[in-house]
Amino acid sequence: MPAAAQLSAKPGAVVTTPHVRAELVAHAPEGVAPGAPVWVGLQITHQPEWHTYWKNAGDSGLPTELNWTLPPGVAAGEIAWPVPRKIPVGTLANYGYEGTVLLPVPLEVSSTFKPPLALGTGASSMDIRLKATWLVCRKECIPEEGEFTLALPLQGSTALHKADFDATQAAQPQPLAKPGAVEVNGNKLQVRLEDLPAAAQGKTLGFFPETPELIRTAAESGKDWTQSWEGGTWTATLPLADQRSASPTTLPLVVALAEPDRQPGQPVAWRTEAPVSGTWPAAAAPRAEVSPALQAALAANAADAASAPASFTDLPPQPAGTFAVALLGALLGGLLLNLMPCVFPILAIKVLGFARQAGNRSAHRTAGLAYTGGVMLSFLALGGAMLALRAAGAQLGWGFQLQSPAVVAALAALFTLMGLNLVGVFEFGRAAPNSLCSAQARHPIANDFLSGVLAVVIASPCTAPFMGASLGFAIGLPATQAMLLFAALGLGLALPYLVAGFVPAIAKLLPKPGPWMGTLRRLLAFPMFATVAWLVWVLGQQSGIDGAGTLLALLVCMAAIVWALTLRGRTRLVIATVLVAFTAVLTAAIGRNVLQTVEPARMASAAGQRWQPWSADRVSELTGAGQPVFIDFTAAWCVTCQYNKKATLADAEVLADFDSKKVAMLRADWTRRDPAITAALTSLGRSGVPLYVLQAPGKPPVVLTEILRKDEVRAALAAL
Amino acid sequence: MSLSPSSDSRSIRAARQARAALSRASRRAVVAAAVALGATFLMGNHAFAAPAVGQQAPDFVAVDTSGAKHKLSDFAGKFVVLEWTNPGCPFVRKHYNSGNMPATQKAATAQGVVWLSVNSTERAASDYLQPAALDAWMKSQKASPTAVLMDEDGVIGQAYGARTTPHIFIIDPKGMLVYAGGIDSIASARPDDIKSATNYVNQALGEAFGGKPISAASTRPYGCSVKYKS
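Line by line, the protein sequences are chains A and B. The first sequence begins at 1 in my numbering and counts up by one. The second sequence begins at 1 in my numbering and counts up by one.
The hints are simulated quantities; they were obtained by calculation from the structure and are not laboratory data. Treat the hints with care, since some could be wrong.
Result set (DSS-like, lysine-lysine): computed pairs, CA atoms no more than 27 Å apart in a straight line [claimed, not checked]: (1) B/Lys106 - A/Lys139; (2) A/Lys178 - A/Lys162; (3) A/Lys162 - A/Lys139; (4) B/Lys229 - B/Lys71; (5) A/Lys178 - A/Lys188; (6) B/Lys69 - B/Lys139; (7) B/Lys195 - A/Lys131; (8) A/Lys55 - B/Lys195; (9) A/Lys86 - B/Lys229; (10) A/Lys188 - A/Lys55; (11) A/Lys223 - B/Lys229; (12) B/Lys106 - B/Lys195; (13) B/Lys139 - A/Lys139.
Just some of the chain B residues that point at chain A, by a computed CB distance under 7 Å [said to hold, decoys possible]: (14) Ala50; (15) Arg163; (16) Lys174; (17) Ala187; (18) Ala189; (19) Pro191; (20) Lys195; (21) Ser218; (22) Cys224; (23) Ser225.
Quick reminder that beta carbons are idealized off the backbone N, C-alpha and C, glycines included.
Excised from the complex, chain A in its bound form (with noise of 0.2 Å):
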């Protein structure tokens, strides 16, 4: 046969690869004549593992492109691509064809079509010629290109490839009677074709959609996506490309059998263009409309609320006149400190050595004032570093003390030894038992004082429920100003011992000395011990679990070394210096532990938890979207924050509450350093947590009051 010598011989017909041997392949049994079959196709033997793409090359990957030259008068079709195979690539996966594949091109010969004059030989034939382009694949990618040429002989049949291409032919999807219909429902794609037919019936069917970029190609069947059959209609809902890029009106696709389902001389596939119902889920506008000089307008606003309260709020600027207000609401803020949990234990203390003295007036004359000298000092000393520090720029808050691991180990360590102080484990003032009636004379006082700057510092994180607006607003006054209100938030903290030291009728009101004090006392160790418990779970959330398992292992080391200072003789000298040795030991091992700090969550958590983090662009993204956002200002070492979190944030009701109107719920976590969240205080002219707004779009921000109550909560969310 000429022909065949012809097609096999002629060089340019094959281009081989490392990885794919390619021919250009033709089949026209009739000859080239107009309306005769006449087909050419490429026909690619891939390296085992290697595969290339269909038309949706699917995740990754580029269809094979052929560019024909051909005579005037022919016209190439589209390629009729076979079936393909899905091919997972990891958590990716692609539509394409390993083995061997041919992909058959039909020619349409016109009229017009001249055949070139037969010289010589008499067997006239029309060159054909084909620039392939193809991504061939395994793991690595590699872009490969040929050309070919073909003579395909006019006269006679070209039949040497018509296995091949018959193969191809029965492997070709098959168009179905009806178009079914694709409808669009949120993130999913439910497809439903109809009058499939017997032999597909019950089987599971694999899914291509030719448009690129539609679905998630990884989906897998029974796994991310359903599909089932009602007599010979197919319903599958798949679901939706999460960067999808199409949005087409009509969706051609194409359904397989699997191939242990695929039976020889029996359509494999159906193919259909089915129109799209249902409304595409909005790509979200992106509205990236933040120019340089809006960026900079918003930088400068920024600055601003870092710099200078209320300056994004509608909460009414402060008056002058409103200084005595502000002192009077420090004065009657401190002495609410007295009913705080936080300065319980100190108000143990106080109680007790009250009773120990009782009848003494002069003593609990000095004592009082000795209290409210150390409470006011302190407040003073706490305040001015505060404005110090923020002048000096630092964005600190009020409780900012307790931010520092450090401070926290210390607070841990002295509440221990108060605590073992209070069982009995030791005595203060064993050492130096000679001299005691001086330490009698001048011990009290520096207790009593000392008691009070330790009540100052353990109230400080507890003022903002009651102080928090009137901090806020003496961090924006003159320096005088602030630290008179400092005074004055001291001076009502201490004011009922003060009282009580001047005013016999409330002395006398305290019970007599007696053995009922022992008991008090030891039972008052008790607080002290909690107030540990709170420390190490703080600490906790600065330095991690290492850290807080490393200071509760230290704190057992210096009790023990307290204990055994109280030894006597060669005991106490040996069991002490072993005790401090290894407590140096420890110290040194793992006592970094203690003061590092664990950085917050390295992915910013995931959508669809009720709290998010928050962010003042967050919140205004929020808000801009026209929804109601809801801001819990908190911190791990703010006792009221940690009660509203597990009673009014946690319930029921009130949640159900939240997402009936749809609020976003956002929480700032200040229990490290966060200038973020410092200046978003201030400018709420507050310095400290718990902080609790409500912003409505639209509307200025509700603040609730730091002791939530479920019924203000609901009340707030019922006016949105």
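Starting from the known structure of chain A, arrange chain B on it as the hints suggest.
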């Protein structure tokens, strides 16, 4: 004899360099392990919920080729471009060898945009490059990204749904994903196509800086599959 002092100092220098390299490498390994661990823990079963355009871009911490840590949220207030890359991929080489990618990077960073090239190729892949080698390749291509991030565990890639190299994501100053897709409009490995293609990154950044909405915000990424760790 006369050679000994210089050879001594050379060996000392070599030893010092080796020690520095070791400490850099171990620091990077520790940080990378911590990042991967933290990220894996926090990402958990949300591994496939990649953000759509218009949604908040997931925050991450990653180590660059020189061992420095970068946190996405630290760049708040700036546009950030994430470019998935792998020099072993012909599509990546198309855009680097032609100078297209380095030019796009330069144009972007000159406007104050943060450009982070991310390599999510797993260590076991045949074309995986060590940080130093990747850095050297980037330099040889005169590339000018802000940093080249190593993501061998694919945590960031999976979080963003990065599928191909190259695959581009643009995050606006508010941390919102505003572009996801290809580097340009003609999906091919032919460098000749670059001049007739629309560079989607230049277009998107130009529109964003001009205060206009991004006209092509979701496009088709094309290239090699990201060789994720399985």
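Structure-based check of each hint:
1. Pair hint B/Lys106 plus A/Lys139 does not hold up; C-alpha atoms about 31 Å apart against a cutoff of 27 Å.
2. Pair hint A/Lys178 plus A/Lys162 does not hold up; C-alpha atoms about 31 Å apart against a cutoff of 27 Å.
3. Distance hint between A/Lys162 and A/Lys139 is unfulfilled; the C-alpha atoms sit about 33 Å from each other, more than 27 Å.
4. With a CA separation close to 22 Å, the supplied pair B/Lys229 and B/Lys71 stays within the 27 Å bound.
5. A distance of roughly 22 Å separates the Cα atoms of A/Lys178 and A/Lys188; the hinted pair therefore holds under the 27 Å criterion.
6. Restraint check for B/Lys69 and B/Lys139: satisfied, since their Cα atoms lie roughly 20 Å apart, inside the 27 Å limit.
7. At most 27 Å may separate the alpha-carbon atoms for a hinted pair to count; B/Lys195 and A/Lys131 meet this at roughly 21 Å.
8. Between A/Lys55 and B/Lys195 the alpha-carbon distance is near 24 Å, which keeps this suggested pair within the 27 Å criterion.
9. A hinted pair counts as satisfied when its Cα atoms are at most 27 Å apart, and A/Lys86 with B/Lys229 qualifies at roughly 20 Å.
10. For the given pair, A/Lys188 sits about 23 Å from A/Lys55 by alpha-carbon distance, which is consistent with the 27 Å threshold.
11. For a cut-off of 27 Å, the pair hint linking A/Lys223 to B/Lys229 stands: about 22 Å separates their Cα positions.
12. Proximity of B/Lys106 to B/Lys195 is assessed by CA-CA distance (about 17 Å); at most 27 Å being required, the pair is judged to hold.
13. The straight-line distance between the Cα atoms of B/Lys139 and A/Lys139 is roughly 26 Å, inside the 27 Å bound, and the hint therefore holds.
14. Restraint check, B/Ala50 versus chain A: the minimum CB separation of about 4 Å is within 7 Å; hint holds.
15. The interface hint given for B/Arg163 is met, as the beta carbon of that residue sits about 4 Å from the closest beta carbon of chain A, less than 7 Å.
16. Checking B/Lys174 against chain A: minimum C-beta separation of about 5 Å stays under 7 Å; hint holds.
17. Proximity of B/Ala187 to chain A holds as hinted, the smallest CB-CB distance being about 6 Å (cut-off 7 Å).
18. With a cut of 7 Å, the hint placing B/Ala189 at the interface with chain A holds, because the nearest CB-to-CB distance is about 3 Å.
19. The beta carbon of B/Pro191 is not positioned within 7 Å of any beta carbon in chain A (closest approach about 11 Å), and the interface hint is therefore violated.
20. Interface hint status for B/Lys195: violated, as the beta-carbon distance to the closest one in chain A is roughly 18 Å, over 7 Å.
21. Residue-level restraint check for B/Ser218 holds (minimum Cβ-Cβ distance to chain A is 4 Å; threshold 7 Å).
22. For the restraint placing B/Cys224 at the interface with chain A, the shortest Cβ-Cβ distance is roughly 4 Å, inside the 7 Å limit, so the hint holds.
23. Interface restraint check: B/Ser225 against chain A, minimum CB-CB distance 4 Å, threshold 7 Å, status holds.
Comparing the model with each numbered hint stated earlier shows that hints 1, 2, 3, 19, 20 do not hold.
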